[in-house]
Amino acid sequence: MQVHQLSFRHHKRASYFFRDISFDLERGKMHALHGKNGMGKTVLLNLLSLKVPPNGVMEGRIIGGENAILVNQRFDLMIADQFSFLENLKFACINRCPHPFSRLKPPLFYPDFLEKFHIDISKPASKLSGGQRQILALLMVLQRERNILLLDEPTATLDEQNARIVFEFLKTLTLKNVTLLVVCHDRELTNHFVDGRHLHLEMGATGLRRLECVFHGA
Amino acid sequence: MIFSILEQALIALPLIIGAYFTLSLLKLPDFSIESAYLFGAVSAFLAQELPLPLVLLSAMGGGMVVGAMVCFFNQILHIPFLLGAIVTNGLIHGLTQYCLGTSVSSFHLAFPFNEFNLLAGLAIILLIFMGFGIRSQLGYSLAIYGNNPHFFDNHQLSGRYVLLFGVLLGHGCAGISGFLFAQSNGFVDLTMNFGILLLCLTAIMVGKFFLKTHRPNILVPLIGVFVFFSIQQLLLRMGLNLKYFNAFQALFILVILSLGHRKQTLTLDHLGV
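Chains as they are written, first to last, in this note's numbering: chain A, 1 to 218; chain B, 1 to 273.
Among the clues, some could well be false.
To be verified - Between beta-carbon pairs, the in silico distance windows are:
#1 A/Asp120 x B/His78: 35 to 43 angstroms
#2 B/Gly90 x A/Glu168: 56 to 64 angstroms
#3 B/Gly90 x A/His99: 41 to 49 angstroms
#4 A/His118 x B/His150: 48 to 56 angstroms
#5 B/Ser258 x A/His192: 46 to 54 angstroms
#6 A/Leu108 x B/Asn246: 26 to 34 angstroms
#7 B/Val255 x A/Arg96: 23 to 31 angstroms
#8 A/His99 x B/His150: 38 to 46 angstroms
#9 A/Glu145 x B/Arg135: 22 to 30 angstroms
#10 A/His99 x B/Phe210: 53 to 61 angstroms
#11 A/Asp186 x B/Phe209: 31 to 39 angstroms
Just so you know, the hints here were simulated from the structure itself, not pulled from any lab data.
A quick note: this is a predicted structure, and the numbers were derived from the prediction, not measured.
Note that beta-carbon positions come from the ideal geometry of N, C-alpha and C, so glycine has one too.
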């Protein structure tokens, strides 16, 4: 994904929220987006997935935005709890307007490493751990054949152990050439798992947000 | 007795299938299914001069009009579903008065064949179509909607389409039942829909008691309606006065729910189905 001189205003007469931001995200790597609350991390993720807020004005170019998908922070809203892990994966392949004469399709993307995370695919989603449910939500998103995932605090509601499971899962996704941009406040986790860029959002004196690439991992 | 059970169950089967879609799968507080049942009968009454297939379509269309109204209030005017259903019931009550001219109108179509054959044929067609449809993407989508209405927005799918399709289909089925009931009794009555919701809930609960599944399954309404009318006939034979039957149904629901709650064998939602 490449971002060229991205600028954004909340409406035509508003002052710039972002101005001339440029960066690129290397394919198949995990990148991190840091910044305090209110710095515009969620706004930036929305823009990267080409979701411009109503009345918002975006300038610049985002190459690869059409392949990006923003994963909701509240992953519980993405899952049908009563149904099993496998059924939920099939549900993610349903047509935009579900067909009355077509059966459910088998999942398009079904990783071979689920046993590593002790996931019983026949178990109802409600009986899975928080980490396993987050993994399910991520896999459901991947059924849409997008290879750039923008994750807004994917471990915000999880305990330390489950957060680690999710990051291990994300790491295995990068081996499948999926590019990730993760917002996470846990520096220990991001320092351990992120092998791409660390992007840092800060606010200048005029209220304009600046983006700095503070570290480029191995 | 068996013939009576079969006849009543076949009349009510489309209604229970419709209620299964809206109450049990979509988990909507669908009070307006009572109006769909009534307006199906009214629409058939208005189309009684037409050939039978058109009368049937008219009954289904009448039910669907009610479904479209409640969906319009809910999806376009953003009125909560229950409130929209209550408003719809009020409007349909007035519309029925206007169409019938009186509160009771006699209604009987002359068929060139046995009426029971019509009921059986309709039931078979409905079971084949709905049985297949309920296992489709759309059938599962109804159950997903009931489980998590936010699912569709979060996966860029059309939740509105699922809701609309489910409600129209469910209400269309209820309309057919309304016509069958009016035809069987020989009149369309403004109050013929009173207590129908209770019947639907009881029959679906009975069906779910035998088939404990959250997956869409056409056998739930099928078993539910036959067992329900078998129990009803048995109680009538035992001397229960028919005028107390609604109260009996309400008691039955209370007992099932409280027992299930105590034994934790039922996962109760706001409708119990």
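Taking the hints in turn, this is what the structure says about them:
One distance hint, 35 to 43 angstroms for the beta-carbon pair aspartate 120 of chain A and histidine 78 of chain B, holds here, with the actual separation near 40 angstroms. Restraint check, glycine 90 of chain B to glutamate 168 of chain A: a C-beta distance of roughly 57 angstroms satisfies the suggested window 56 to 64 angstroms. A beta carbon spacing of about 36 angstroms between glycine 90 of chain B and histidine 99 of chain A contradicts the range 41 to 49 angstroms that was offered as a hint. Take histidine 118 of chain A and histidine 150 of chain B: their Cβ atoms lie about 27 angstroms apart, and the range 48 to 56 angstroms is violated.
At roughly 52 angstroms, the beta carbons of serine 258 of chain B and histidine 192 of chain A sit within the given window of 46 to 54 angstroms. The supplied range of 26 to 34 angstroms is broken by leucine 108 of chain A and asparagine 246 of chain B, whose beta-carbon atoms lie about 51 angstroms from each other. Checked against the hint of 23 to 31 angstroms, the C-beta distance between valine 255 of chain B and arginine 96 of chain A comes to roughly 44 angstroms, which is inconsistent with it. A hinted range of 38 to 46 angstroms is violated for the C-beta pair histidine 99 of chain A and histidine 150 of chain B, which are about 22 angstroms apart.
For the hinted restraint 22 to 30 angstroms between glutamate 145 of chain A and arginine 135 of chain B, the CB-CB distance of approximately 25 angstroms keeps it satisfied. Taking the beta carbon of each, histidine 99 of chain A and phenylalanine 210 of chain B are about 30 angstroms apart, not inside 53 to 61 angstroms as hinted. Checking the proposed 31 to 39 angstroms range against aspartate 186 of chain A and phenylalanine 209 of chain B shows it is violated: the Cβ atoms sit about 48 angstroms from each other.
When the structure is compared with the earlier hints, violations turn up for hints 3, 4, 6, 7, 8, 10, 11 and for no others.
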